[in-house]
Amino acid sequence: VIGGLRSPAQVATLAAAYTPVTQGEGFVARALQTAGVPGFDIVLESVGGSVLASVLGGLAVGGQVVSYGAAAGEPDPAPPPVPDLRAQNLTITGFSILNRARKAPPKALSLIQGVLALTQDGLHIPAPAVVGWAEAIDAHIAQSEGRSRGKTVVRL
Amino acid sequence: VAFTVDGTGLADVAVARAGLSVPVPAGLDLATATTIPLTWATAFGLVGVSHAGAGDTVLVTAASGGVGSAIGQLLAR
Numbered sequence: 001v002i003g004g005l006r007s008p009a010q011v012a013t014l015a016a017a018y019t020p021v022t023q024g025e026g027f028v029a030r031a032l033q034t035a036g037v038p039g040f041d042i043v044l045e046s047v048g049g050s051v052l053a054s055v056l057g058g059l060a061v062g063g064q065v066v067s068y069g070a071a072a073g074e075p076d077p078a079p080p081p082v083p084d085l086r087a088q089n090l091t092i093t094g095f096s097i098l099n100r101a102r103k104a105p106p107k108a109l110s111l112i113q114g115v116l117a118l119t120q121d122g123l124h125i126p127a128p129a130v131v132g133w134a135e136a137i138d139a140h141i142a143q144s145e146g147r148s149r150g151k152t153v154v155r156l
Numbered sequence: 157v158a159f160t161v162d163g164t165g166l167a168d169v170a171v172a173r174a175g176l177s178v179p180v181p182a183g184l185d186l187a188t189a190t191t192i193p194l195t196w197a198t199a200f201g202l203v204g205v206s207h208a209g210a211g212d213t214v215l216v217t218a219a220s221g222g223v224g225s226a227i228g229q230l231l232a233r
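For the protein sequence lines, the chains are L and C, in the order given.
Residues in the first sequence are numbered from 1 upward in steps of one, following this note's numbering.
Residues in the second sequence are numbered from 157 upward in steps of one, following this note's numbering.
Don't read these hints as lab results, they were simulated from the structure.
Honestly, I wouldn't trust all of these hints.
[Said to hold, decoys possible] For each label pair, taking beta carbons as the anchor points, the in silico distance ranges come out as:
1. L/Gly-24 - C/Leu-186: 18 to 26 Å
2. C/Gly-163 - L/Arg-86: 21 to 29 Å
3. C/Gly-175 - L/Pro-77: 31 to 39 Å
4. C/Asp-168 - L/Arg-86: 47 to 55 Å
[Stated by the list, open to error] According to the in silico footprint, chain C covers these stretches of chain L (three or more CB under 8 Å from chain C):
5. 13 to 19
6. 24 to 37
7. 53 to 61
8. 73 to 86
9. 95 to 102
10. 105 to 118
The beta carbon of each residue, even a glycine, is placed where N, CA and C say it ideally should be.
With the hints as constraints, model all of the structure from the sequences given.
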C-alpha cells in the first residue's frame, strides 16, 4: 500500500501499513516505481485536479479509482471516454459521506454502525487531540496547514 | 454521537437527526467516538466500495490525514 504525502515531514504521522511517496512532480510514476507494478489495482484519491488526472493513467487493467475529495482546489479533470474504460476494464467511483448522509441517511448510518462494530471486534481508534475553546483558533490553523493528524475535538 | 450534515457541530446546542445518531458503546470515550461519523465512516466506506483486499496494489494519494490514517489501519486488518 503506497501512501501519498504532501511533505516528507509527514512520514512521522503515517499509518504503519503505508510505504510513503511524496506528492509533486512525477508523483504517480514514482508511486508505481516504488510499488514495482505497471498499474494500481485501487486508488483512493482525495487531492483532485492534476493528481486525479494522473492516477487515471496509472491504473492496472481492471483497476478502480475512488474519488472522495478535491483538496487541492483545482478543477476536476474530464473523465475518460467510456470506450477507454471498457478497453481497460476500469472503474471510476465517486464517494462522499456527506452527500450519503444528506441523500441516503440509512446508508451513511450503516457505515457508522459498521465502524462501531469493528471497535467491538478489536479495532483501535486513536484518540483525537482534544483542546479547549481558547486553543480552538490555533487548532483550526494547524488543521488548515496540515500540521495536525486527523480530527481535533474542541471541548467546551 | 451524530453526523450533522449542515455543518452545525461547532455550537453550544446542535440538532441531530435521529437517523444519523448512534449510542456510543461502553469502552469508547466520547472524544474518540466523534471521529467515527465523518472520518472513520468515510474510510470504512472507501474500503467497502473499492473491495480492497489481500493481493491488491493500492495507492492512497493523501495518506497522512485523518481519513488516510484510518484507511491505512483498515487495510492492515
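Evaluation of the provided hints:
1. L/Gly-24 - C/Leu-186: 18 to 26 Å: For C/Leu-186 against L/Gly-24, whose Cβ atoms are near 39 Å apart, the range 18 to 26 Å is violated.
2. C/Gly-163 - L/Arg-86: 21 to 29 Å: Since the Cβ atoms of C/Gly-163 and L/Arg-86 sit about 40 Å apart, the hinted range of 21 to 29 Å is violated.
3. C/Gly-175 - L/Pro-77: 31 to 39 Å: holds (35 Å)
4. C/Asp-168 - L/Arg-86: 47 to 55 Å: At roughly 54 Å between Cβ atoms, L/Arg-86 and C/Asp-168 fall inside 47 to 55 Å, so the hint holds.
5. 13 to 19: holds (count 6)
6. 24 to 37: This one holds; 5 residues, not fewer than the three required, reach chain C with a Cβ under 8 Å.
7. 53 to 61: holds (count 3)
8. 73 to 86: Per the Cβ count (0), the hint is violated.
9. 95 to 102: Per the Cβ count (6), the hint holds.
10. 105 to 118: Answer holds; 11 residues pass the 8 Å Cβ test.
The earlier numbered hints that this structure contradicts are 1, 2, 8.
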